[in-house]
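Add chains B, C and D with the ligands to chain A, keeping to what the hints say.
Protein chains in written order, with our numbering: chain A, 197 to 821; chain B, 197 to 821; chain C, 423 to 751; chain D, 423 to 751.
Bear in mind the hints are in silico, worked out from the structure with no lab data behind them.
In silico BS3-like pairs for lysine-lysine, Cα to Cα no more than 30 angstroms straight-line: (1) D:Lys563 - A:Lys395; (2) A:Lys232 - A:Lys394; (3) A:Lys819 - A:Lys739; (4) D:Lys625 - C:Lys575; (5) B:Lys232 - C:Lys575; (6) B:Lys232 - B:Lys394; (7) D:Lys575 - A:Lys395; (8) A:Lys475 - D:Lys575; (9) A:Lys692 - B:Lys819; (10) C:Lys563 - D:Lys716; (11) A:Lys475 - D:Lys563; (12) A:Lys232 - A:Lys395; (13) A:Lys653 - C:Lys716; (14) D:Lys716 - C:Lys575; (15) D:Lys728 - B:Lys395; (16) C:Lys575 - B:Lys395; (17) B:Lys395 - B:Lys475; (18) C:Lys563 - B:Lys232; (19) A:Lys232 - C:Lys728; (20) B:Lys394 - D:Lys728; (21) C:Lys716 - A:Lys475; (22) C:Lys575 - B:Lys394; (23) A:Lys394 - A:Lys475.
Just the calculated beta-carbon pair ranges, DEER-fashion: (24) B:Met695 - D:Glu471: 45 to 55 angstroms; (25) B:Asn776 - D:Asp735: 53 to 63 angstroms; (26) D:Ala725 - B:Ala328: 52 to 62 angstroms.
Every beta carbon over 12 angstroms from chain A, so not counted as near; a handful from chain C, in silico: (27) Thr440; (28) Pro646; (29) Pro651; (30) Asn675.
All residues carry an ideal CB built from backbone N, CA and C; glycine is no exception.
Below, each chain spelled out in residue letters.
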Amino acid sequence: MATRLDSPPPGIDDTATVLEEHIIDIVSDSGEGAQKCGQSLAGIAARMGNGIWTVEIIPAEIQPPARSIEGASGNRTRLATGPVGNGGDAADLVVAFNEQVLLGRLRAQELKPGCIVLMENMWESNPDPEIAASYVAVRDELVADGYQVYEIPMEEKCLEYVADPRRGKNMFVLGLLCRIYSLDLDLAREQVAFTFAKKGDRVILPNQQLLQAGWQWAEESLDLRFRIPATPPREPRVVVNGNTAIGLGVMASGMEVCAMYPITPATSASHYLSEIFEKVGGVVHQAEDEIAACAFAIGASYAGKCAVTITSGPGYSLKQEGIGLAVMAEIPLVIVNVQRGGPSTGQPTKAEQGDLLTSVFGSHGDAPKVVMGVGDIEDCFYSIITARRIAETFNMVVVVLTDASLATAQQPFIRPRFSEDWLAPPIDQSPIPDGAEPYEWDRDSGLARRFIPGQPKGMHCLTGLAHDRSSTVAYDPSINQEGLRNRSMKLAAFQKTLMPAAVVGDQEGELLVVGWGSTKGAIEEAVERVRADGHRAGSMHLKFLQPMAPGIAEAMQRFEHVMAVENNYCDYVGDGLIDNENRRYTNLAWMLRARTLIDIDCWGEVRGQPLKPGRIEEVLREKLS
Amino acid sequence: MATRLDSPPPGIDDTATVLEEHIIDIVSDSGEGAQKCGQSLAGIAARMGNGIWTVEIIPAEIQPPARSIEGASGNRTRLATGPVGNGGDAADLVVAFNEQVLLGRLRAQELKPGCIVLMENMWESNPDPEIAASYVAVRDELVADGYQVYEIPMEEKCLEYVADPRRGKNMFVLGLLCRIYSLDLDLAREQVAFTFAKKGDRVILPNQQLLQAGWQWAEESLDLRFRIPATPPREPRVVVNGNTAIGLGVMASGMEVCAMYPITPATSASHYLSEIFEKVGGVVHQAEDEIAACAFAIGASYAGKCAVTITSGPGYSLKQEGIGLAVMAEIPLVIVNVQRGGPSTGQPTKAEQGDLLTSVFGSHGDAPKVVMGVGDIEDCFYSIITARRIAETFNMVVVVLTDASLATAQQPFIRPRFSEDWLAPPIDQSPIPDGAEPYEWDRDSGLARRFIPGQPKGMHCLTGLAHDRSSTVAYDPSINQEGLRNRSMKLAAFQKTLMPAAVVGDQEGELLVVGWGSTKGAIEEAVERVRADGHRAGSMHLKFLQPMAPGIAEAMQRFEHVMAVENNYCDYVGDGLIDNENRRYTNLAWMLRARTLIDIDCWGEVRGQPLKPGRIEEVLREKLS
Amino acid sequence: MALTATDCVLLSDDERSTIEDYEGGVPRWCTGCGDNAILTSLQRLCRDEQLPQEKVVFVSGIGCSGRFPHYMNTYGFHGLHGRALPVAEGIKIRRPDLHVFVNTGDGDCCSIGTAHWIHALRYNMDMTVVMHDNRTYGLTKHQASPTSPLGLKSNTTPYGADLNPLDPLSVTLGVTNASFVAQAVDWIPELLHQIVSLAFHHKGFSFIRVLQRCPEYLPAFFDPWVQDPARVLLLSHQDGIQPAPSLSRTYRNQEEHDPLDLLRAKDIAAGADAIPVGILYRNPEIPRYEELRKPDRLYTPDAIAKGFEAELDRFTIWPEQEEKEHAAT
Amino acid sequence: MALTATDCVLLSDDERSTIEDYEGGVPRWCTGCGDNAILTSLQRLCRDEQLPQEKVVFVSGIGCSGRFPHYMNTYGFHGLHGRALPVAEGIKIRRPDLHVFVNTGDGDCCSIGTAHWIHALRYNMDMTVVMHDNRTYGLTKHQASPTSPLGLKSNTTPYGADLNPLDPLSVTLGVTNASFVAQAVDWIPELLHQIVSLAFHHKGFSFIRVLQRCPEYLPAFFDPWVQDPARVLLLSHQDGIQPAPSLSRTYRNQEEHDPLDLLRAKDIAAGADAIPVGILYRNPEIPRYEELRKPDRLYTPDAIAKGFEAELDRFTIWPEQEEKEHAAT
Ligand SMILES: Cc1ncc(C[n+]2csc(CCOP(=O)(O)OP(=O)(O)O)c2C)c(N)n1
Ligand SMILES: Cc1ncc(C[n+]2csc(CCOP(=O)(O)OP(=O)(O)O)c2C)c(N)n1
Ligand code: SF4
Ligand code: SF4
Ligand SMILES: [Mg+2]
Ligand SMILES: [Mg+2]
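Isolated chain A, as found in the complex (with noise of 0.2 angstroms):
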């Protein structure tokens, strides 16, 4: 696969293996610091210009007992020559701080057959026989497996250094991998000071030399060199999470008011938020529940003030009455449901695209709402601008659905230049017209002006019961009537706003798939690999579920296959009792099927971890077979 692709830069050691890209993971027990390692490795081949992908390995406990299977933590990084989009399949490489973690990868199938394992090997000289028999008995097996291990004396090493070689082990391992690499070291250690920047130089400074002590060993121990071609960024980017991209959009927004309750996965991006907020005059409330946190954002955004509720599943389905309101009173609100496993408590840390028909179609009676999924991390930062508008604009609830891979995986995109068209004008306060009516709706648009308390002359009182134009409780029916086709209206009129779906790919042909959120990248290289076989096949991925761009059916039709690929639930015909009369589809399935009365297909997975492009593969190939 490794080819060598042009002549090294100068001063590089030209006897690298030049590669195109290389997924690395590095795995310790929660605590050693493996993250911050992958992270920081990520960030370095992304100040060269790399592209880079990087996924979280997060344990699902708290504290999971040291070397234990799923107590693996730490991080991939998928690193290529141009940019990428997903983290890809398998470890071509794996860093392990101990042989426990490293067989929780290899169970879960991360690692390439064959692929390279850089293992630490205090634990053959463990004092308990059983940890360093644990020790010996994986070595063997991988390298009986055709694995190309190496046993790496890291604890041994850093103890040259550090009294606490658990907490210098990651940046040795740091610069082992900047050496094998091929990547700058004098970039390195910016990083690691970048990395280290709020502890001072006493913590910057011995770490980077064990950054230099791993470069050293691996310069002299390791015969292993690689090198990715990378082309230096000419323009300013962003290194950031999912989480931390919603942080910035909210603070670009123009939103004030952030009222949430803690839940994971949602909640590092109130964290962030809670630092950056105050800075310029936001607040981020923390409530007392996700109704209340649902009802704080509502009564300030109704006082002028948009605000956004952050949260995840199950604080998602309690905040369906408090949404319901505010479709009802059409005041406008931005929810983020930063998708976890579920159903109920389900898998806190885990990837999951399980809410979007209950996002669509939760809280009771008919409450239209904008709804829209998350592509990248970039998107994380741009949809939540965009939906402050259309909250605003539309007197809106717009559901912005992101989902735990994203919240913690890291992309560099351009960075934004700011723009004060992204904020709300000024609350409004002058007077109302005389005969203005607080709920005006256009015919054709269902759009009303809203009244904003402290405007003179526009009292009136806001209600969650059915309501006439001067928003008078209505017990006419045809009132009731007229009031659920505004709100309606609205979305259609939204809905004239959007651009035809676009197809990536081939534009018509065998099959497409159509996906949304995070599994953008991955279903979009899953599909070049088949087109590179040959294959004419396309991909359509909807950033707008409810309601839907234009020209779908149309390009569907353009192909003799449609499939929904999600990371969610489906059943398939033929196991067990499953046949077309209870199959339950996919999300996004179930709704284009309505909606094109086109036979799509599905395929899901819930395995709490995002979609990989190579079992999309698998999954394409079988469909076009």
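Chains B, C and D with the ligands alone, transformed into the frame defined by chain A:
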């Protein structure tokens, strides 16, 4: 329309016009007893063997001002020779205690043009000239418009018997109506005795006198004589409204615990249950909120006492998180949602079928549950028994959807014969066999035997987290997939037990109407009407909405057109900006389109009222033209 | 055409507002319902304080009490059952210029809204909260509420309520940061009004429980107290209510109670005999959440732009050339 | 094959259960986490009382504390965040034979679960409730909880918590029907165990707040109290805890407190200085909801059939002939 059908029974005045049916509205200010009057009328007719359907006319406010258009309170009775399944279109005869409430019915187009109007005449001589003028104006307008107006000295006549005529008028009117419709006066006396049974002779006797007085007055001063032939019943029947039927169903189903929080229109079911449940050892718990009610029911069910929680829209939204837990942990649970107008607080006392999609797709993640709709009053009773059985057989959540129209409507049905099979066997407290696990999912059906606290050797920790067969928290991706699959398989297994969907009317032809829930009678009647004109039409009413009966698509394919008719919102192509790419369908239409890929059209109305056969008929005719 | 805020103030200064200016739709409560007295008192308060109508927001939950905002000619927010308080908090957090009032029922506040009630006390945001305690669920036609008396026959307790009623005063007084706790009764409008005024002037969360008659469902329930002034205990104080002499002649059962004495307040609340009327507790020193969270800089496009760029800087990878420039600034 | 309930009792009588019999999976809490002490104490209690494992249900919410039932070899119900109490009530209402325990966290109980907490106190159902108060959100990695100390830097309060902590004892003591309120600390296991035992034997809702160390997120927070016994106030009484002499030598700061003295209990709870440890309040006279709602007849098919037929009779229209027969019976 009215024709003489046969000769009257002996002793009955043969000048009466024989009718097949009549619709009689009685309206008053709230508190004047029009409801009791109508219910008694229906009761007497039912005793004689007539088909009846009553609809409560409920003001939306607790204390609407007297003599107001929105304050109309009362009762509609549809009285027929054969059985009837809905309240019909518009009144043939209306009794009004004042002209304002009459105006309310007129404006709402609830009166047939030219129908018979019986008005309390005392207002003409009211000391307040405005009131008197208003009365005269309305009367004159009605007469001018061709209504057959009769002015009745109700209060004047009642004063001859009671001091406060406001409290007696209703029985006077009952007597009047009994005479008009040639009902049996002895049965009427019995009915009055039954109505006031709790209050004793002190109340019964004067009311019987008033009844007699009304009869007498009609005998002497009114020339209206109708007779609606009846077949004396051969089997005992019960006459109850839908919510009472639900209460009876809970009692007869073997459930022991009902946890609820008050909400209109569900509460009256719990009121009735509060009155009766303790008598058989059951308990109704009024919790602090709907979330607690749901959790309480879950706790009771988990402990082996299958429980029900009864609510309406807003409460249903609040229970979403709890529902997800019951799905995930496979705890049987019956949830009754007595739907009302939505979204949000909406129209608390009004009928709507807007909660189907949220019942099917509510709660985050994949939360498969059984959803069933209730088609008539008898069905309210039996559905609960069925729901309990499904819940406990499949360890599943079962949602029963009824609505405000069934809640208060009355219809006679054959007195159920209690069967011990309706009850669950007593809870199992035998020891769990060695090696058995709490989620021993059967590969095909997904079913597992439930362990109930108290069973020796069954100790395990139930959890809403993803879990394996031993109920241990699962971190392995494939176990999560397995759990979701098994919970979905249970739905398929249950689906296999369903009978094919039946079509009523023509089995093939021009138009198939599909519906669910309380619209059953109205849809079937409308279809009969268009069939009577030679159209080939049929209707299909789905009892199970998730999973759905087999054979639906085949049945649909036998018709040129398929149309869903529902009491919920949809857009119409051509209205404003609506086109096929943004049209939002009625609830069932969404689901059927996705499942069958048949281009099902839909018609829905959200006017806070049960759908009327006449309105549906119009819609069908337009579709057929 | 658009007037600035200052113009408006000047405009409204021209003419004093009258009670009628604060009257919204015709109240639809039952005849004799205690809610009417509360409405009158709050309309009077608005008039007395000459509050600009557009600067006043009445927030309510669902219930008969929830209808309140419809009857005020101010802004109103008739939201969800139990959720009036978090909505009111959201309104207030960034709009200190608005006068926020909350109307809630005993079910709305003490049953489904319990969590928000307790936490609203703790946040201590500046708003005036009236709990219409008719000791039943009025709107839904008579079910037991947490404050329903033991043995009450209602639609959900046809054989009598099983539990002792929750005492909202004791609960309130147990919550950290509670800063103003009072009790009034609808049938002594003079004191109701004094209490409402004191509550309005208290900077913080003022909680007033009003014992409110519901002639529809508990017709004679309050009669023993209404008819026997000795069963009412007036809590007078220079920092509390000061009953007029005429009233004092009727209500002789009085106690001089210092609103700062929390322990005595708890004891009074727990006392079973007479209904205390007055200020049980007031502490103006407790910080208010909206003040604690007040932005220390203005929320302007410039500030946002600056803060945003600074944040981006933390995450930016500069192309080599720009990096140098950037470092130089 | 199936054994009757009596058989089982006889079987288990043969051999005394040991602590190990009550141990479930290996606890996955951090080293030094105070939850471990609570676990040990409750396992000991089960052993001391020889509770049949199958008759014990531990119910929890979500949080580190929520993991508790997984570590017991009894029935466990690890449900939803904040909803442990209503689930436990549902379990108990018709299963008086089950011993119900609840483990809840400060977030679980005092934030999202507030309404259920207040109302559970009022229902006073027989269960033992342990509130693991580590004064932070542990499982979700350190956000402020309602009991977090003022100024605490956490992930949601990076500049320090703004509000005074809610005092769960004061709140609890303000609720009507509260019947058992105690406080323990994880670092005095002897007293923790005495308190847990007293709670278990109390017939009613026993609420124990345990101050629980979270070395992961508040590593040194409790040190001042752990290290200085004078900052702990033992509430001893013949109806309360009785510290052993050895313990009394260390913890000299003691008060003889009668658990029936509610007002003093409130005062102790409100005191800011020392942490009270012991029974603040106990009143065995308060009726229990499950008793009040106990069926006065057995729930048997016969009873149901009879009740059902009687109800149907109220609504039945008999055909003429049957009517007469019916009337005759
Ligand atoms: C979520 C939800 N649950 C229940 C209801 C039904 N409901 C409306 S008002 C009310 C109780 C009203 O009692 P209270 O708060 O005491 O107000 P009151 O009518 O007595 O003034 C209830 C249960 C609702 N509207 N929403
Ligand atoms: C509805 C819902 N909201 C939020 C969460 C996320 N969550 C899980 S545990 C927890 C708080 C835990 O704090 P606490 O109750 O004090 O328990 P501890 O972990 O400290 O023992 C939160 C917010 C959730 N699981 N469900
Ligand atoms: S029901 Fe009671 S509380 Fe409601 S308006 Fe009537 S009297 Fe007032
Ligand atoms: S985070 Fe804190 S509470 Fe949770 S297990 Fe660790 S030490 Fe215990
Ligand atoms: Mg009330
Ligand atoms: Mg905690």
